[in-house]
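Read top to bottom, the protein sequences are chains A and B. Going by my numbering, the first sequence opens with residue 4, and the numbers climb by one from there. Going by my numbering, the second sequence opens with residue 4, and the numbers climb by one from there.
Hint data in this document are derived by calculation from the structure and do not stem from the laboratory. No experiment lies behind these values; they were computed from the predicted model shown. The C-beta atom is built at its ideal place from N, Cα and C for all residues, glycine as well. Among these hints, one or two may not hold up.
[As the list claims (entries may be wrong)] Derived list of chain B stretches under chain A, where covered just means 3 residues or more per stretch with a C-beta under 8 Å from a C-beta of chain A:
1) 332 to 342
2) 429 to 442
[Stated by the list, open to error] Which stretches of chain A does chain B cover? Using the computed rule of at least three CB atoms under 8 Å from a CB of chain B, they are:
3) 193 to 201
4) 216 to 228
5) 369 to 378
If you want the building blocks of each chain, they are given just below.
Number of protein chains: 2
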Amino acid sequence: MQLRAAILGLCFAASAAWADPQKAAQLRDQALHDDTAWQVLESLTTEVGPRPAGSAAAAKARDWGVARLTALGFSNVHVEPFAKQAWLRDAEAGEITSPFPRKLALLGLGNSVPTPPEGLTAEVVVFDSLAALKAAPVSCCTGKIVLVNQPMTRTQSGQGYAAAVAARSAAPLASAHGAVAYLVRSISTNTARAPHTGSMRPWARSERAIPAAALGVPDADLIAHMAARGPVMVHLLLRSHVSDTTAWTISGDFPGSDPAAGAIVIGGHLDSWDPGTGAIDDAAGIAITVAAAKLVAATPHRRTIRVVMWGSEETGGSSAAYLAAHKDELGSIAIAGESDLGADFVYGLQLPAGAWDAPDIAPLESVLAPLKIMARRAPTEDAGSDVEGIQSAGVPVFALNQDASRYFDYHHSQDDTLAIIDPQQLRQNVAAWAATLSILADTSVDFRKVKP
Amino acid sequence: MQLRAAILGLCFAASAAWADPQKAAQLRDQALHDDTAWQVLESLTTEVGPRPAGSAAAAKARDWGVARLTALGFSNVHVEPFAKQAWLRDAEAGEITSPFPRKLALLGLGNSVPTPPEGLTAEVVVFDSLAALKAAPVSCCTGKIVLVNQPMTRTQSGQGYAAAVAARSAAPLASAHGAVAYLVRSISTNTARAPHTGSMRPWARSERAIPAAALGVPDADLIAHMAARGPVMVHLLLRSHVSDTTAWTISGDFPGSDPAAGAIVIGGHLDSWDPGTGAIDDAAGIAITVAAAKLVAATPHRRTIRVVMWGSEETGGSSAAYLAAHKDELGSIAIAGESDLGADFVYGLQLPAGAWDAPDIAPLESVLAPLKIMARRAPTEDAGSDVEGIQSAGVPVFALNQDASRYFDYHHSQDDTLAIIDPQQLRQNVAAWAATLSILADTSVDFRKVKP
């Protein structure tokens with residue numbers, strides 16, 4: 004590996020247009036001593052805090068984003084508004100009324116309908132898994148509250164979330180089984196009581212909409228323990244409202260030397276869920292990409308680096324809005340990627356199929372190795388949900404894979420705050436992004452033409 | 004060590020009155036497959052839940068305790084009432100009103116006075132440590148809210164708590180500095196938002212009582228981050244009430260063969276704080292000691308094993324009540340110990356000074372070694388706060404030291420639930436207690452006469 008890198012190094016020296024691994028390594032090392040990302044993260048979580056799309060705080064976040072990009076020297080800083088039907092939480096409460104009365108820690112799910120104003124009370128039917136609910140007779144749950152109490156698997160890759168999250172959208176299935184409300188054990192790897200919210204899929208017109216909420220992990224277990232003794236009655240009061248409003252994509256550029264080479268589009272999402280301050284989800288992604296872009300932009304670079312703060316990831320819409328707003332200029336995006344899995348160590352880089360074999364990209368493997376990051380040759384599957392739209396329309400994507408082992412301890416809960424950010428891991432993220440961006444900005448590779 | 008144990012084993016065989024390490028080892032191994040402790044813990048947390056002294060749930064817990072000891076075959080099961088001035092929480096809320104409005108996660112401290120009914124609003128003065136508040140000029144805080152934002156050190160022994168907890172009783176100091184309210188960063192090793200409550204020391208008549216509450220760790224940090232930018236205003240509403248009521252000590256025996264040998268008094272406390280279900284604090288202590296006593300009692304044993312559920316540890320009173328109720332019969336207590344530091348692995352056993360050198364106790368070291376428990380020759384300092392009273396009156400004590408590394412992540416917060424109990428570690432605790440109890444029950448050693 005070392006020898007190959009050295010030989011390739013000679014080739015690079017012969018072509019000024021090619022990416023420079025030495026520059027990438029310098030940016031990597033500089034990033035390990037740079038606290039721009041921390042400052043951005045601290046600023047957004049302290050000064051704005053929770054910022055769901057459609058809330059008053061979302062407008063504050065928009066202004067924060069414009070001011071912050073401008074202050075950091077980005078050009079072409081602008082706001083792209085798009086229509087957004089917002090779902091916002093109002094008062095919520097839940098309790099076990101018998102056999103052993105107890106208050107419940109819960110949070111309504113995005114897109115849930117409210118309960119009647121006085122709430123509703125019904126017996127709970129507990130299922131250990133979503134599969135068990137699917138297998139139950141359709142008569143199982145008439146007039147009852149369905150609880151799916153399926154634990155989540157902890158994984159480094161985040162695949163445990165993919166496996167578990169379908170239960171968050173099972174309210175329509177519970178409704179089809181006659182249920183009057185749906186409860187789901189939080190999609191969480193934690194043992195803490197704080198519930199983890201999230202969106203369920205919107206109701207179809209043909210479906211009977213019922214209220215849906217996530218319970219704290221111990222609260223879901225508590226109901227299961229009581230249900231093993233006999234009937235459990237639960238009272239739920241869930242209030243929320245929807246409104247037609249506006250969300251915004253914030254965008255800023257560090258222009259490259261060759262406008263014809265296409266831009267690199269990166270970023271994170273500016274909206275967050277409401278219980279925490281959205282530190283790992285996703286102030287971190289904004290902080291990491293902004294800081295890395297700023298470092299790379301301080302050196303000569305070929306492609307424009309565009310940092311985007313998407314405005315409605317949690318309840319959906321920003322990916323489609325970004326595609327719609329830029330559908331006529333997708334050819335000018337060379338490659339895209341999002342940081343949206345927290346701030347813990349990056350362990351892998353995935354590129355478009357075949358790109359790792361390009362001679363002026365291959366040396367990036369050696370630049371990333373000291374950061375304990377692998378070159379992953381499997382092509383990128385998931386580059387972030389805000390770039391899904393442009394990805395599906397043909398824009399090449401890359402992904403810096405973050406260790407998600409503890410991400411789902413905090414995600415979508417009140418525990419997503421600055422307190423869980425590890426500054427050393429945050430800097431490693433910036434180093435990974437800076438080195439990668441430097442190579443992607445300068446490489447002669449056209450990612451649309453690279454062959455696996 | 005093995006040889007020494009073998010030689011001592013011969014000695015034991017020569018005297019039927021002496022403790023039997025083989026029996027202790029059998030009980031140890033039996034405990035590792037016994038789920039009595041889990042069942043007790045599950046029952047108390049599921050059926051009763053939070054149970055502060057003076058609450059309606061405390062009376063339910065009393066009835067649960069009597070029923071559970073009776074069902075397990077204890078004799079002499081009885082209730083010892085004592086007078087208790089209860090402190091109980093009512094509605095509470097807090098928020099940052101400027102510069103960046105935000106709701107605060109907080110819990111009033113036991114013995115705090117309420118705010119005025121409409122609450123109070125004042126600027127916050129942040130101190131990084133209790134020492135910094137002590138060193139501040141007395142004029143620092145007139146009309147302000149004092150926040151001591153001192154982080155806690157994580158330790159295996161729990162000494163980090165001892166070092167940090169003084170800040171929870173610093174409201175009188177803040178009052179002396181002119182403050183109108185006192186906030187303390189939760190005495191916690193966690194990064195979660197859930198606040199950790201606890202008692203402050205009662206106010207002296209000469210002091211100007213001010214309201215006092217614990218903030219979630221990230222909330223305390225958030226105020227500190229805002230305060231670095233300029234003045235921070237906070238609104239507090241803390242309601243609570245005190246009432247003259249009754250608490251109870253629950254007690255049950257497994258009688259030994261030699262009433263003159265004195266009883267072994269062990270147990271945990273039945274009361275808990277209100278936000279969680281009191282699983283590690285201290286349903287676990289009750290579960291471990293009950294289960295271990297039951298195992299030992301199934302074999303012939305010399306001393307009576309008495310299990311006590313103390314009724315008011317959190318807000319104080321049960322230790323003094325137990326001393327007062329039993330002051331004329333302390334001579335009949337051979338030795339005492341409490342389990343009140345959760346359910347994680349035991350790593351050490353401390354006995355009265357010199358006791359480890361007694362020939363029929365020394366082999367216990369080899370019985371505990373496979374459980375990764377050390378014989379600790381430093382005499383017991385802390386045998387549990389409910390036995391402090393009788394300890395100060397001359398009753399010998401022992402302590403099975405539990406690993407407290409993660410205990411203060413959950414202690415006194417809503418996260419103290421069954422979900423954080425590790426069944427394997429719980430069984431190791433029962434094994435440690437069963438082996439130790441077996442030796443202490445049968446040994447010919449008089450712990451009052453042993454010489455260091």
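Verification of the hints:
1. 332 to 342: It is violated, with 0 qualifying residues against the three required.
2. 429 to 442: Violated - the segment 429 to 442 of chain B has 0 residues with a Cβ nearer than 8 Å to chain A, which falls short of three.
3. 193 to 201: It holds, with 4 qualifying residues against the three required.
4. 216 to 228: Answer holds; 5 residues pass the 8 Å Cβ test.
5. 369 to 378: violated (count 0)
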